[in-house]
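Line by line, the protein sequences are chains W and R.
Just so you know, the working numbering puts the end of the first sequence at 618, numbered straight through with nothing missing.
Just so you know, the working numbering puts the end of the second sequence at 618, numbered straight through with nothing missing.
Bear in mind the hints are in silico, worked out from the structure with no lab data behind them.
Hints may contain errors.
Each pair may be met inside one copy or between any two copies, as identical chains are not told apart.
[Claimed, not checked] Here are the simulated lysine to aspartate or glutamate pairs, DMTMM-like style, with alpha carbons at most 25 Å apart:
1) K307 with D337
2) K346 with D56
3) K485 with D275
4) K485 with E592
5) K485 with E347
6) K258 with D337
7) K346 with D217
8) K346 with E253
9) K346 with D298
10) K135 with D275
11) K97 with E303
12) K258 with E468
13) K485 with D215
14) K307 with E477
15) K97 with E592
16) K307 with D512
17) K97 with E347
18) K97 with E602
19) K97 with D455
20) K258 with D12
21) K346 with E517
22) K135 with E225
Take a look at the letters that make up each chain.
Protein chains: 2
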Amino acid sequence: MTVQELSDLGQQLRVDSVRAADAAGSGHPTSSMSAADLMAVLLARHLHYDFDRPEHPGNDRFILSKGHASPLLYSAYKAAGAISDPELLTFRKAGSRLEGHPTPRLPWVEVATGSLGQGLPIGVGEALAGKRLDHVDYRVWVLCGDSELAEGSVWEAAETAGHENLDHLTLIADINRLGQRGPTRHGHDLDAYARRFAAFGWHTIEIDGHDVDAIDVAFTEAASTAGQPTVILARTLKGKGVAAVEDQEGWHGKPLGNAAEAVEELGGERDLRVSVQPPPAVRALHVVREGHLDLPAYERGGKVATRNAYGEALTALGTARGDVVALDGEVGDSTRTQFFAKEHPERYFELYIAEQQLVAAAVGMAARGWKPYAGTFAAFLTRAHDFIRMAAASGADINLVGSHAGVAIGEDGPSQMGLEDLSMMRAVHGSTVLYPCDANQTAHLVAELADRPGIGYLRTSRGETPVIYGPGETFPIGGSKVLRSGADDRLTIVAAGVTVPEALSAADSLAIEGISARVIDLYSVKPVDRNTLRTAADETGCLLTVEDHHEEGGIGDAVLDAFTDGRPVPRLIRLAVRTMPGSATSAEQMHAAGIDAEAIAASARLLVEHAVVS
Amino acid sequence: MTVQELSDLGQQLRVDSVRAADAAGSGHPTSSMSAADLMAVLLARHLHYDFDRPEHPGNDRFILSKGHASPLLYSAYKAAGAISDPELLTFRKAGSRLEGHPTPRLPWVEVATGSLGQGLPIGVGEALAGKRLDHVDYRVWVLCGDSELAEGSVWEAAETAGHENLDHLTLIADINRLGQRGPTRHGHDLDAYARRFAAFGWHTIEIDGHDVDAIDVAFTEAASTAGQPTVILARTLKGKGVAAVEDQEGWHGKPLGNAAEAVEELGGERDLRVSVQPPPAVRALHVVREGHLDLPAYERGGKVATRNAYGEALTALGTARGDVVALDGEVGDSTRTQFFAKEHPERYFELYIAEQQLVAAAVGMAARGWKPYAGTFAAFLTRAHDFIRMAAASGADINLVGSHAGVAIGEDGPSQMGLEDLSMMRAVHGSTVLYPCDANQTAHLVAELADRPGIGYLRTSRGETPVIYGPGETFPIGGSKVLRSGADDRLTIVAAGVTVPEALSAADSLAIEGISARVIDLYSVKPVDRNTLRTAADETGCLLTVEDHHEEGGIGDAVLDAFTDGRPVPRLIRLAVRTMPGSATSAEQMHAAGIDAEAIAASARLLVEHAVVS
């Protein structure tokens, strides 16, 4: 395309953005218009992409981090011939693939965006996959806005990309001066952004983002810069090309007042078509070896921390399968991810203490076909909550592992205790939440998660717990284990993780008193084993749940999921952590929280006597 | 103190750190030893603090962001005469105030730390309070480690502090080269950190962190630097002073092997006492005006968005009370926090798109006695989950406001929809969770939250909802409203927020069919109105909950809280968002999710027929 054609293409993208938002009656045309020339040049001259084969391993990756500028993305798809004009005008309507913010319902969108500051860290994950796993030279282009550069996650990514010398990663920053509410912190001071990125080890280029020649030169320079990622800081105007809105406040997220006039001002409708350059022929290297999975086996009667079993099982899984990767938030010695690092250093990633980047890197690698397991303390996964939520919208298949769950960690105190993690992970759309109580169960569940779609979560414990299952037992997701059962059971105790041994001990005490208690190990917290719970309710009449987690959103609530369809609900008592813990030993903590064997037995007595606790 | 005495004090802090961890059998002595000289000079020469009056408004603030170095903090308290040696040796024991990571159980600790990267953003909040609210010249000193500089939240804070010219804020960075797992990304490359902070507008000083003279000069320079915050980058050695551990990997979070030998190597026990300089006499300015609260009033029968009512009520509250402050994450036009900004600009803070800093600033201001209301989209509060969790450990009294809740926002799609926020906020220790359905209720609840201790949460809606209550009605926290009730009610529909009008409409339809339904507006999601729910269960036999939120951890679970104490549980059906929404109108979204009047009525019919749904 000639320079004039590039400019015309930019205008066409503006026109189509205006038209799409006008047809929808909502959307963000002005945020699209500022970046239209950047997108035009990228599409026509620099992107290598086969729209017919979005899964092509040589395709460049493009992430629209400023997801609200979706009209621009969809207009580009139209220019590339991937969607039709009538489809463009279905923007934001029920049933359309063209959502308000891009999601993978479109085959060319790998990750959902719309929560700002996520595109770059996910792009880092894709770039790491290209450079260190697939050894393929695709470029990762991330287009972001200026407002989102205030997000800490962007600087976690800037640090990671600089440190990892991700020279195939380019950030295109559309510095249009205006955020949603008004002017950004730095306005059009491109130098302010350049100083920051340069300090983090990036190559920086400052341009007029409406000068297609300058844009073209900048993209070429980015592609030829070795050893460093590049940020192109483009000075642009929000609403560029339509005087009524150009560089004006108060036009964020609104269709233009008069779309027809605006289209005319922009030179009218066009139908330029772009032949996007094809990707080179390449072969991605993550052939899934179908090797034998030799999971670690633990002898019954011993004591092993489930975090250790996790590390050992993940290492074995990595040996059996070449597509498994492990990510660490600088606590791999504690989570035991480091076992994997020793055996498979080429598939191990240290993201340091940056949990948003940790999860984002997993999302990016999953988008490239890898099977990531990302681990940190359960408590610190809360740092990445928004990324986990969005990963579900992306349909990402990632596994998260949270160690040091609950008050049972002991002396370190509340800052290190995961007490909200089950709640957080259960509320994620389509998630799987597992909480093993022993080492063999852990090892089995690590393997079960490998091919599980969606967001998987494995909760591990710091201290040693008794090995109560044999190495040969299986633990299907959605199942449970009935550990004690008899015809005269008068209640059912439902436990998971560290409360399973406590429940067994309580059942033993109760048996001596003549109270027979069923005990269920609810290792699959979501999906929950409804049938077993319903049978237990029918046969024993009442339930007692006990968990090392706050009372909201955890195992007690998971159990009730089996009874919220209109059927009779059993009487129940829920034991959980209701106090703010301090420092104490593990046993003291569990006693103080009222989740140890003694507390279970006491509540069980009340329950079978039909007494009300509160 | 002389230079020699300062060095001796540093050694004493090391000795006491080693002794405390040895007595505990756990803890982080080596992380304490690296920063001991920094702490000694700060305590003896630069901190202004009255340990007998921790609430003194002129006190400098000190935050130990590397909370695991708590032995150093407690050893400093001992040197200042605030705690005794026997108390020091209670470190990490049950009942001790000296927890593994510092919490406000100690009167000199304003905020809990231990989740890394939080000290600086909270310090920014305290510095903003000093500079822009109290107009008091106290200094805020934050001591952090090097590993935590990888956290994005640190760079959100660096950006904010630089932009706000917080020259009374000093970050002391203990660059000891070793994180928990091994070497940090930048090791002893102080310049790498200096470049980054300088780019964000900070004054930077690089020193040998074991040279007490150099430290003294640096602190003086920091205190005399105008217009910029200062970071002191101190090259230190982890485990400094004990050859067996000094600068060695593998000693994070462990007591030394032989404490007695280490103490001897450090020069033996000492009992130096420090006379910490007193704060100047100052008067904080946030006298709570007891003005008349003139809440906005809305006419019944109209339609008003609850987010609008929030903005108007907060503005009125700010007029009545001089201690109310509002914080915005660059969406104040959407959350309507901007109404407050217009009326009370001196108590309004724009934190831009940096939700961790948003919540941290609120925590810092609350620590200085202000009443913060911090608002953004409900979905984006997930970004600050770890800060909210830690705010509860800090005992902070802050209010968070999440707008654009649920699928009812319409076309923008899942990235913008708060569908996990009730779950997240309910699971926070001691939290209050409110979800109003109309404008007058919203206004009342905004005022109710002002003096509520702990973490408050108000969920608001984007679209207009009918005003169903009169302006005079009251809505106590922990209460609910019974909107329909009769002697022959056959079920109870429990709704909140946008599902209240749907529930009323469903009840009307059902009434025509001869099914009388009670309707409860559960505006107080936590604490929940157990008595009303139990009465409804007793009188109507079964419950139907309906919420614009994922099914896990929200209103359905909150309702069940009333029945988990062993009492009989009513049959129930829970309606919630179970699908991944796309773009559609608000009404289409609620219909697709199965939470509109039609879905409620259909489920109600099943429930009264004793049918099981699943």
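Each hint, compared with the structure:
1. Taking CA atoms no more than 25 Å apart as the test, K307 paired with D337 passes inside one copy only; the shortest distance there is 19 Å, against 57 Å between copies.
2. For a Cα distance limit of 25 Å, the shortest separation of K346 from D56 qualifies neither inside one copy, at 40 Å, nor across copies, at 52 Å.
3. With identical chains, the CA atoms of K485 and D275 are never at most 25 Å apart, being 63 Å at best within one copy and 58 Å at best between copies.
4. In the homo-oligomer, the alpha carbons of K485 and E592 never lie at most 25 Å apart, since the shortest distance is 28 Å inside one protomer and 42 Å across protomers.
5. With identical chains, the CA atoms of K485 and E347 are never at most 25 Å apart, being 33 Å at best within one copy and 61 Å at best between copies.
6. Taking the closest pair of Cα atoms, K258 and D337 come within 25 Å of each other only across two copies (13 Å); inside a single copy the shortest separation is 50 Å, beyond that limit.
7. In this assembly of identical chains, K346 and D217 lie within 25 Å of each other by CA distance neither inside one copy nor across copies; the values are 49 Å within and 43 Å between.
8. In this assembly of identical chains, K346 and E253 lie within 25 Å of each other by CA distance solely across copies; the values are 16 Å between and 54 Å within a copy.
9. Taking the shortest Cα distances, K346 and D298 sit within 25 Å of each other inside one copy (17 Å), while across copies they are farther apart (66 Å).
10. For the homomeric pair K135 and D275, neither the shortest alpha-carbon distance inside one copy (37 Å) nor that between copies (57 Å) is at most 25 Å.
11. Taking the shortest alpha-carbon separations for K97 and E303, neither the intra-copy value of 58 Å nor the inter-copy value of 33 Å comes in at or below 25 Å.
12. With identical chains, the CA atoms of K258 and E468 are at most 25 Å apart between copies only, with a shortest distance of 18 Å across copies and 57 Å within one.
13. With identical chains, the CA atoms of K485 and D215 are never at most 25 Å apart, being 66 Å at best within one copy and 61 Å at best between copies.
14. Within a single copy, K307 and E477 get their C-alpha atoms as close as 17 Å, which meets the 25 Å cut-off; across copies the closest is 60 Å, which misses it.
15. For the identical chains of this complex, K97 and E592 are inter-copy neighbours only, at 10 Å across copies versus 56 Å inside a copy, given an alpha-carbon limit of 25 Å.
16. Taking CA atoms no more than 25 Å apart as the test, K307 paired with D512 passes inside one copy only; the shortest distance there is 20 Å, against 60 Å between copies.
17. Taking the closest pair of Cα atoms, K97 and E347 never come within 25 Å of each other, the shortest separation being 50 Å inside a single copy and 38 Å across copies.
18. Taking the shortest alpha-carbon separations for K97 and E602, only the inter-copy value of 22 Å comes in at or below 25 Å, while the best intra-copy value is 57 Å.
19. Taking the shortest Cα distances, K97 and D455 never come within 25 Å of each other, neither inside one copy (34 Å) nor across copies (44 Å).
20. Proximity of K258 and D12 under a CA criterion of 25 Å is satisfied intra-copy only: 24 Å inside one chain copy versus 65 Å between copies.
21. For the identical chains of this complex, K346 and E517 are neighbours neither inside a copy (51 Å) nor across copies (69 Å), given an alpha-carbon limit of 25 Å.
22. For the identical chains of this complex, K135 and E225 are intra-copy neighbours only, at 19 Å inside a copy versus 44 Å across copies, given an alpha-carbon limit of 25 Å.
Going through the hint list in order, the structure does not satisfy hints 2, 3, 4, 5, 7, 10, 11, 13, 17, 19, 21.
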